[in-house]
Each structure stands twice: as structure tokens, then as C-alpha cells.
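These are the residues of each chain, in order.
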Amino acid sequence: MVQLTTDNSYGTWKFCAWNGMIFMAVFMIFWGGLGHNIPPYAGDLPASAIADYFRDNRNMVRLGMVISMTFAVSYAVWGISIGKVMDHILGRDHILTNLQVWGAGLTVVPILVSSSFWLTGAYRPEALPDEILQLMYDMAWLLIDLAYSVTSVQMIALGFGCLRDNRAQPFFPKWVCWYSIWVGFMFVAECLMPFFKSGAFSRQGVLNFWIEFVIFFIYAPIITWYLLKAINRIQRGEGA
Amino acid sequence: MTDTVTAPRPGQEARDGTSGNTTGDHARLPGDEGVWFFIVADMCMFAVFFLLFMVGQAEDPDAYRESRAKLVPAIGLVNTLILITSGWFMARAVNAARAGEWHIARRRIIYALLVGSCFGVLKIYEYSTKIAAGITIQTSEFFTYYFAFTGIHFLHFLIGIGVLLVCLGKLRQAENPHRLKWIESAGNYWHMVDLLWMILFPMIYLAGGWK
Chain H
0 MVQLTTDNSY
10 GTWKFCAWNG
20 MIFMAVFMIF
30 WGGLGHNIPP
40 YAGDLPASAI
50 ADYFRDNRNM
60 VRLGMVISMT
70 FAVSYAVWGI
80 SIGKVMDHIL
90 GRDHILTNLQ
100 VWGAGLTVVP
110 ILVSSSFWLT
120 GAYRPEALPD
130 EILQLMYDMA
140 WLLIDLAYSV
150 TSVQMIALGF
160 GCLRDNRAQP
170 FFPKWVCWYS
180 IWVGFMFVAE
190 CLMPFFKSGA
200 FSRQGVLNFW
210 IEFVIFFIYA
220 PIITWYLLKA
230 INRIQRGEGA
Chain C
0 MTDTVTAPRP
10 GQEARDGTSG
20 NTTGDHARLP
30 GDEGVWFFIV
40 ADMCMFAVFF
50 LLFMVGQAED
60 PDAYRESRAK
70 LVPAIGLVNT
80 LILITSGWFM
90 ARAVNAARAG
100 EWHIARRRII
110 YALLVGSCFG
120 VLKIYEYSTK
130 IAAGITIQTS
140 EFFTYYFAFT
150 GIHFLHFLIG
160 IGVLLVCLGK
170 LRQAENPHRL
180 KWIESAGNYW
190 HMVDLLWMIL
200 FPMIYLAGGW
210 K
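Protein chains in written order, with numbering that gives the first Met the number 0: chain H, 0 to 239; chain C, 0 to 210.
By construction, these hints were calculated from the structure, which means they are not laboratory data.
Here the structure is a predicted model, which is why all the values come from computation and not from measurement.
Possibly wrong hints are sitting among the right ones.
In silico lysine to aspartate or glutamate, EDC-like type, Cα no more than 16 Å apart, as pairs [said to hold, decoys possible]:
| no. | chain 1 | residue 1 | chain 2 | residue 2 |
| --- | --- | --- | --- | --- |
| 1 | C | K169 | C | E100 |
| 2 | H | K173 | C | E32 |
| 3 | C | K129 | C | E140 |
| 4 | H | K196 | C | E140 |
| 5 | H | K196 | H | D43 |
| 6 | C | K129 | C | E32 |
Cβ pair distances, simulated, as ranges [unchecked claim]:
| no. | chain 1 | residue 1 | chain 2 | residue 2 | range |
| --- | --- | --- | --- | --- | --- |
| 7 | H | T69 | C | G133 | 22 to 32 Å |
| 8 | C | C117 | H | S8 | 49 to 59 Å |
| 9 | C | S127 | H | D55 | 43 to 53 Å |
| 10 | C | V165 | H | A126 | 56 to 66 Å |
| 11 | C | C43 | H | R232 | 52 to 62 Å |
| 12 | H | D55 | C | V165 | 51 to 61 Å |
| 13 | H | P220 | C | N94 | 34 to 44 Å |
Listed next, the stretches of chain H that the computed footprint assigns to chain C, with coverage defined by at least 3 CB atoms under 8 Å from CB atoms of chain C [unchecked claim]:
| no. | region |
| --- | --- |
| 14 | 184-193 |
| 15 | 196-210 |
Idealized CB from N, CA, C, for every residue including glycine.
Kindly generate the complete structure, drawing on both the sequences and the hints.
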């Protein structure tokens, strides 16, 4: 027996769904572009190179991180709209929906905190020794990479939850559900990152940056596309 | 207003319990189509792993040969035979399930599990001997890839063992209409674990030679 949600403020649902795209756009432009994080500075660079990055780009990094921190919460807002659609699949207050929402909410924390490390490095880089600036940079990357598990909880719960959709045309196609599970699972490769300063598993490496971040960057747009279609179907009364 | 849905949803029957190679005029993939997406995505990721390894080997073949000499190919070979045998039992379990011989299918999955578990025992033994000899993931690029790629494969193996155990549970449920799809999907996944190892073994233990 599936109990559906009583909330029918679909305009707000859609706004929340669009927050996935807002988050990803901000993340790529401000965190990635202005923050010079796509790709990161190599782990084997000397402290002076990292110090120069903060000193030469202080205002860009400050702006990038301020905007990143401001919009980090968009990820949680997006997760709540996914939860609304999952309510229509699983019924209200299902544990997989709760895990998805909590996973999305907790994802905000490492983004906020690691951005604050970059911001701290850019705040008074002229007064700090090179090694301290390098420490801030390393801390930021170690946190944002190694906090993958909270996002994995969201992705895996979303995948397994939406696989239970028995509609002839499910809200999220099976391949999207399995993509979600796969991305959440593949993030485990980040565990290798602290052991390397160069090579494929380092923070700037082919596997731990280019592949892991690309599969994450395309995750939110794919989910948001099907999320908006699902909300439209629910609004038209096809949710039951 | 709280709406309550009790009736089966349209198309529910079409998505439940139907499986097998062919249905009517349309050829169908065995198992769940979504699991196939997972398998293809995973194999693409491993293809990148293989490429990285081969590029690294091409750049410094002597260093790779020197490191490879510290491996015992016989262990890799035995593990290959173990996985092939386990995969064979799983394939026969799928055949039995398709014929509706659920007890035979269950017995063959147990064989697949028992034989397959030997892979895990041997892999743990191999890792422990390397670590005891002072060889770690940071010893050389070769051993970085050896530990990382076989380690990620080992994780897939452990998940496969878990999936086979779940299948055994599903087979107990005589009224479960999804049994065949579960067993076929598990078989597909288990064969992926075999297949990846059949590339990992020659690539890591054999190709390029020893020094």
C-alpha cells in the first residue's frame, strides 16, 4: 500500500529540482573556474607553488569560495525535491527516501567546510608561511574527496529506491537508477587518493579527478532531467 | 488529502518476473536490463584501468618486469581456474532455473559460492605474503596498479558473493515471481567478475615478461 504525499506545491518542487542544475553550474564556474580547482594543483608541487596560487589569485579564490559556500545548500534543496518524487514511488517516510535526503543534505557539509579552507588560505596569504597555505590546500582536497561516502549514500539510496518503481514507464529509467548506484559505488576509489601525490590515484590524477569528477558533474543534470519530467507527470495526475 | 493506492499499477505484470532469452519475436537480454548498464559502465571503468597499466608498462617496461618477477603466476592461474569453474556452476544454475528446476539451481549456486570463495582465500593469502615481504601499494607504479586494480576487482568479487547469497534466499521463496530474473542478473554479474579477472591475470602476471 503506497501512501502518497499531501504536498501539491509543484512549482516549489520544480524550483527545488532546478537547484540541482544551479548547484552544478555554481560548483563548476565558481569552485572550479574561479577557484582554479579544475584540475587541482598537483600533490607533489612544492609549498611555494601552492602559496603563489593563493597570493596571486586571492580575490578570484575568495569570490569563488564565497559563492560556492552560498550555493552549497542547493544540493540539499535538490535532494528534498528528489525525495518528494520518491514519496510517490515508495510511499511516505520510506527509509530509502530518508537516506537519499540525508545523504544529499550531508553532502553540503564537506563542500561548505572544504570551501572555507580554500577561503581561509586566500584571506591573508601574504601573512602566512608557504607550508600553512599548502596545509590549507591539502586539507580542502582531502576533505572534499574523502567525504564521498555521504554522497554515495544519497546516490545508492536513490538508485535502489527508484528501481522499485513498478510503473510501465518508471519516473527514473532503470539505467539512470543503476548509473546512480554505480557512481556512488565508484567513488570508493577516492580512498586511494591520500596515499599518492602523483599518478592516476592522486588528487589531480586521471582516475581520482578526471573520471570521478566527470561522472559526478554529469550526474546532477541527468537526475534533474528525469526529476522534472517526473514532477510534471505527478502534476498531471500520473503519479499514482 | 492523503491518497492511497492499492491496485497493481499499469504494466506491473510486464516488468515482473519475465525473463529469459526470447519472448515472442523479440530477443531479450537475460536478467535485468539495468544490471547490464551497471556491468557495461563498470567494464568501461576497467578498460581505463587496463589502458593506464599498458601505457605505464610501455613507458618503463624494465621496471614493470622487475616488479612482476615478485608475483607468483601460479596463484593467478589457480584463481583463474577457480573463477571459471565457479562461473560454470553459475551458468548451469541459470539453465536449471530456466527449466524450473529450482532445487538443482540452488545446489549449483551453492557450488558456485563454495568454489568462488577459494578465490577470496587465495587473494587474501597473496596480499598478505606481499605485505609481509614489504611490498605495498607505494612500492612502485606496477604495485600501485596491482593492489588498486585487483583490490577493486576483489571488492566486486565480495559484492558478487553477497549477491549469490541473496539469490539463495530468493530461491527459498517459491512464490517469488522475480526468482529467474534475480538468478540471471546475478549470473551476468558473476561472469563480469570472471571476465575482468581473465584480463587482469594475463595483463598483470604474464604480459611483458619478467626480469
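Hints, one by one, checked against the model:
Taking the CA atoms of C:K169 and C:E100, the gap is near 14 Å; set against the 16 Å cutoff, the hint holds. Note on H:K173 and C:E32: the hinted pairing holds, with a Cα-Cα distance of about 7 Å set against a maximum of 16 Å. Restraint check for C:K129 and C:E140: the C-alpha separation of about 15 Å stays at or below 16 Å, so the hint holds. Our distance criterion of 16 Å between C-alpha atoms is met by H:K196 and C:E140, whose separation comes to about 12 Å.
In summary, the hint linking H:K196 to H:D43 is supported, as the alpha carbons are separated by about 5 Å, within the 16 Å threshold. As the CA atoms of C:K129 and C:E32 are separated by approximately 39 Å, the hinted pair breaks the 16 Å bound. Look at H:T69 against C:G133: about 49 Å separates their beta carbons, and that is not inside 22 to 32 Å. About 57 Å separates the C-beta atoms of C:C117 and H:S8, a value consistent with the hinted range of 49 to 59 Å.
A beta carbon spacing of about 48 Å between C:S127 and H:D55 agrees with the range 43 to 53 Å that was offered as a hint. One distance hint, 56 to 66 Å for the beta-carbon pair C:V165 and H:A126, holds here, with the actual separation near 58 Å. Remark: the range hint 52 to 62 Å for C:C43 to H:R232 is contradicted by a beta-carbon distance near 31 Å. Between H:D55 and C:V165 the C-beta distance comes to about 55 Å, which sits within the given range of 51 to 61 Å.
Checked against the hint of 34 to 44 Å, the C-beta distance between H:P220 and C:N94 comes to roughly 42 Å, which is consistent with it. Against chain C, the region 184-193 of chain H contributes 4 residues with a C-beta closer than 8 Å to a partner C-beta. That satisfies the three-residue criterion, and the hint holds. Judged by the Cβ-Cβ criterion of 8 Å, the region 196-210 of chain H is covered by chain C as claimed, because 6 of its residues qualify and three suffice.
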